[in-house]
Amino acid sequence: MAALAVSAAAGILVGAVAIGPGDVLAALFGSNDVNGTIIRELRLPRVLGAALVGGSLATAGALLQGLLRNPLADPFVTGTSAGATLAAVAAIVLGLAAPLVPLAAFAGALVTVTLVWRLARLGGGTTVLTVLLAGVVLTSFAGAVVTFLLVSSDRLALQLRAVLGWLQGGVSVISWPELGVAAVIVVVGLGFAIGLAHRVDAYAFGEETAATLGVDPDRTTTAVLGATALLSGAAVALAGLVGFVGLVIPHALRFAIGATHRRLVPASFLAGAAALVLADLGSRTLIAPAELPVGAITGLIGAPFFLALLVRSRRIAV
Amino acid sequence: MTTLAATAVTASYGPRVVLRDCSFSMGSGEIVAIVGPNGAGKSTLLRILAGLLRPGAGAVSLDGQDIATLSRAAVARRIAVVPQIFDTLFPFTVREVVGLGRTARLGAFGRASADDVAAVDRAVAELELGPLASRRIDRLSGGERQRAVLAMALAQETDVLLLDEPTVHLDPGHQLATLELLRELGTRRRLAVCAVLHDLNLASAFASRIVVIADGRTVREGTPLEVIERDLVQAVFGDGLEVIARDGHPAVVPRLVSPR
Numbered sequence: 001m002a003a004l005a006v007s008a009a010a011g012i013l014v015g016a017v018a019i020g021p022g023d024v025l026a027a028l029f030g031s032n033d034v035n036g037t038i039i040r041e042l043r044l045p046r047v048l049g050a051a052l053v054g055g056s057l058a059t060a061g062a063l064l065q066g067l068l069r070n071p072l073a074d075p076f077v078t079g080t081s082a083g084a085t086l087a088a089v090a091a092i093v094l095g096l097a098a099p100l101v102p103l104a105a106f107a108g109a110l111v112t113v114t115l116v117w118r119l120a121r122l123g124g125g126t127t128v129l130t131v132l133l134a135g136v137v138l139t140s141f142a143g144a145v146v147t148f149l150l151v152s153s154d155r156l157a158l159q160l161r162a163v164l165g166w167l168q169g170g171v172s173v174i175s176w177p178e179l180g181v182a183a184v185i186v187v188v189g190l191g192f193a194i195g196l197a198h199r200v201d202a203y204a205f206g207e208e209t210a211a212t213l214g215v216d217p218d219r220t221t222t223a224v225l226g227a228t229a230l231l232s233g234a235a236v237a238l239a240g241l242v243g244f245v246g247l248v249i250p251h252a253l254r255f256a257i258g259a260t261h262r263r264l265v266p267a268s269f270l271a272g273a274a275a276l277v278l279a280d281l282g283s284r285t286l287i288a289p290a291e292l293p294v295g296a297i298t299g300l301i302g303a304p305f306f307l308a309l310l311v312r313s314r315r316i317a318v
Numbered sequence: 001m002t003t004l005a006a007t008a009v010t011a012s013y014g015p016r017v018v019l020r021d022c023s024f025s026m027g028s029g030e031i032v033a034i035v036g037p038n039g040a041g042k043s044t045l046l047r048i049l050a051g052l053l054r055p056g057a058g059a060v061s062l063d064g065q066d067i068a069t070l071s072r073a074a075v076a077r078r079i080a081v082v083p084q085i086f087d088t089l090f091p092f093t094v095r096e097v098v099g100l101g102r103t104a105r106l107g108a109f110g111r112a113s114a115d116d117v118a119a120v121d122r123a124v125a126e127l128e129l130g131p132l133a134s135r136r137i138d139r140l141s142g143g144e145r146q147r148a149v150l151a152m153a154l155a156q157e158t159d160v161l162l163l164d165e166p167t168v169h170l171d172p173g174h175q176l177a178t179l180e181l182l183r184e185l186g187t188r189r190r191l192a193v194c195a196v197l198h199d200l201n202l203a204s205a206f207a208s209r210i211v212v213i214a215d216g217r218t219v220r221e222g223t224p225l226e227v228i229e230r231d232l233v234q235a236v237f238g239d240g241l242e243v244i245a246r247d248g249h250p251a252v253v254p255r256l257v258s259p260r
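Residue numbers (my numbering), protein chains in the order written: chain G, 1 to 318; chain W, 1 to 260.
Honestly, I wouldn't trust all of these hints.
As the list claims (entries may be wrong) - Below, a sample of chain W positions facing chain G; criterion: calculated Cβ distance under 10 Å:
id	residue
1	Arg77
2	Asp87
3	Leu106
4	Arg111
5	Arg189
What the hints assert, rightly or not - Computed spacing ranges between beta-carbons, pair by pair:
id	chain 1	residue 1	chain 2	residue 2	range
6	W	Gly143	G	Pro177	55 to 65 Å
7	W	Asp87	G	Leu42	44 to 54 Å
8	W	Gly39	G	Ser140	37 to 47 Å
Hint data in this document are derived by calculation from the structure and do not stem from the laboratory. Where a beta carbon is used, it is the ideal one built from N, C-alpha and C, also for glycine.
Starting from the given sequences, assemble the full structure and let the hints guide the process.
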């Protein structure tokens, strides 16, 4: 909680245009100069967007890891984000209204995450490698279709740079209406996630044991996949492909606060939000005045972490 | 008094028929062992009794009620199953694992009542897990982890306890200790306990009744003395086995084919 508050404050205070703390406060409460515009129309939505994206991805990661009994799962490595991206790009190509883009992303995420879950069940037993392989395949397939759409669509050719920036994971241009639609989806997804958390615990020894403990496996699995898709879809619609937040945050938290999803799910949201706000802060200050996409920052930190985890989990079981 | 019964159940995996017209019944206070050769359908019968698998024909009833009509949560409040898999990559504490036994009784958002806490305390005490309660399950030995999942099943406070080869990953000393513990708990809590076992000697030392399954059918049931006799053992498990009597308990030993 405190970490989120501090990082959010930092995210609003720091930027390419230096604005003093006093002016920031004045701007937040309605002064109408240039500073006001920068704070209210650029920095505030950007910080809130980063928080929503980071929180959603980390929560979705916690749910997926619990459901698949696999500490190496998250929306990015399972290909769920890629599926959401493909659906979102397709919606733009078809010229659907902007508020429909997050819904398309949700649908794409739902189809992909369900596919991954089915493939993981085929593997039986421990599913670590099956899930990763399914993720690689689905990500490259979705990437190929997205490239095809980008090249062949006249509508997209006009805004190719913007779309490419979004694909790499950026929260730099987020408008208030976009933020509003995404926030509604995230609140619904987070509500489901918190309500389902204690049932996800029951999956610790597999789906069959979850059933003998009193969890209806079909209904619970469907609900968990749905919540995951809502959260990943909203995150992708706002920021495109931001990797590894969903993987690193729940995993690190488990060792700090324990594995119980009742605590892990809300904590993942808060910590994920704080982490991505900080990562975004890094993305616009490291090589200022130029900017890195925030996805590059999370990739730089997350990919080595992921490799270390893979080595560790190979030692236990695959 | 609780009765769990399967009546003329049939099961198949694709074209392979695993159980044909198999019937089985047990009640409170009984300790039943299901034995039989590999692939005879023992584990399938156990999964059908637990309501995890719907029989192709026939039915399973709990106190006269068809369990196909009960929700998963309702079944979980009456029948506990000790899982065969008890490894996890997540750092749950032993107490949290035991608490999973309360899943079917928790309030909204997983809130635990005073009853839930008391049931977990009792199961932890009965399996002497107190000193391990806040240890991580993934850091315990196999025997300790099995005691934790057994406590999880007890915390469900059911009338029926089902186990699929509970001794499979344990050394002989721990095998005996686990079964003795089960017997004691079953008697103390008046449970109907049923375990699939591979080892005929353990079954004969542990069970009040043994059910022999071969080729998807019940071929014999009764006390260890009635069931574990030479003709049956050789017919079901092969000629290479001999039955000897030891302190009133039958014991199965390999027959030495060629004298040294």
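Evaluated hints:
no. : hint                            : verdict
1   : Arg77                           : holds, 7 Å
2   : Asp87                           : holds, 7 Å
3   : Leu106                          : holds, 6 Å
4   : Arg111                          : holds, 9 Å
5   : Arg189                          : violated, 18 Å
6   : W:Gly143 x G:Pro177: 55 to 65 Å : holds, 59 Å
7   : W:Asp87 x G:Leu42: 44 to 54 Å   : holds, 50 Å
8   : W:Gly39 x G:Ser140: 37 to 47 Å  : holds, 41 Å
Hint compliance for this structure: hint 5 alone is broken.
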